[in-house]
Amino acid sequence: EPEVTQTPSHQVTQMGQEVILRCVPISNHLYFYWYRQILGQKVEFLVSFYNNEISEKSEIFDDQFSVERPDGSNFTLKIRSTKLEDSAMYFCASSEKGYNEQFFGPGTRLTVL
Amino acid sequence: QKEVEQNSGPLSVPEGAIASLNCTYSDRGSQSFFWYRQYSGKSPELIMFIYSNGDKEDGRFTAQLNKASQYVSLLIRDSQPSDSATYLCAVWGPNFGNEKLTFGTGTRLTIIP
Chain E
12 EPEVTQTPSH QVTQMGQEVI LRCVPISNHL YFYWYRQILG QKVEFLVSFY
62 NNEISEKSEI FDDQFSVERP DGSNFTLKIR STKLEDSAMY FCASSEKGYN
112 EQFFGPGTRL TVL
Chain X
248 QKEVEQNSGP LSVPEGAIAS LNCTYSDRGS QSFFWYRQYS GKSPELIMFI
298 YSNGDKEDGR FTAQLNKASQ YVSLLIRDSQ PSDSATYLCA VWGPNFGNEK
348 LTFGTGTRLT IIP
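Top line first, the protein sequences correspond to chains E and X.
Using our numbering, the first residue of the first sequence is number 12, and each one after it goes up by one.
Using our numbering, the first residue of the second sequence is number 248, and each one after it goes up by one.
It is worth saying that the hints were derived from the structure and are not from the lab.
One should not assume that every hint holds.
A partial selection of chain E residues facing chain X, derived with a Cβ cut-off under 7 angstroms [stated by the list, open to error]: (1) Gly51; (2) Lys53; (3) Val54; (4) Phe56; (5) Ser59; (6) Phe102; (7) Tyr110; (8) Glu112; (9) Phe115; (10) Pro117.
Capping the alpha-carbon separation at 27 angstroms, the derived lysine-lysine pairs in DSS-like fashion look like this [unchecked claim]: (11) Lys68(E) with Lys108(E); (12) Lys94(E) with Lys53(E); (13) Lys53(E) with Lys303(X); (14) Lys289(X) with Lys89(E); (15) Lys108(E) with Lys314(X); (16) Lys108(E) with Lys289(X); (17) Lys289(X) with Lys94(E); (18) Lys53(E) with Lys314(X); (19) Lys53(E) with Lys108(E); (20) Lys53(E) with Lys68(E); (21) Lys53(E) with Lys289(X); (22) Lys89(E) with Lys68(E); (23) Lys68(E) with Lys289(X); (24) Lys303(X) with Lys108(E).
What you are looking at is a predicted structure, and each value in this text was computed from that prediction instead of being measured.
Don't be surprised by glycine CBs; every beta carbon is placed ideally from N, CA and C.
Please build the complete structure, drawing on both the sequences and the hints.
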């Protein structure tokens, strides 16, 4: 069964460093998303991406964040200068259409020291 | 502010009994409703979705939607210890945002053997 994959599973970085989180969405899906979940809190939307551009972003997704689809399969989230409060699980998701079910990858645990 | 509300639990149910999980949402324009299961440290896993008023059954799971009351529920029949997890209600609707899912905080379910 097709699934969303993410790498790395765990990333440890120093405050102020740049990180890139990678995702491979399900191959026939057109809509891609990043969510995050701070430990013990709810899943929060960051950004949605369709047709090679951001279609929506939350207030969390400020100038330090960017997304890219560098080739036909990968979808990346870059955090330019990490802060302690960026420590969270980051989930990539994809869906075939914009309004139907979204399938989540296993997540990347980001720890900022 | 558009909200999705769930009782955080924990909800304890004996093995073999019916577990009932509830969710309310604030935006009457919401159109699609999803139940995800999340084991500790793992990503959300889609269980069911429902778009229309009424019941939708899939194996041991039944989703119920009442748009007039802005209420969606998930019933789990013949509960098993493996059902012990946090259950996330997620809502999609144009007033929440074009494509994103808005999640509740989740209900932690424990099945007692």
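- Item | Hint check, failures only | Structure breaks hint 1 only.
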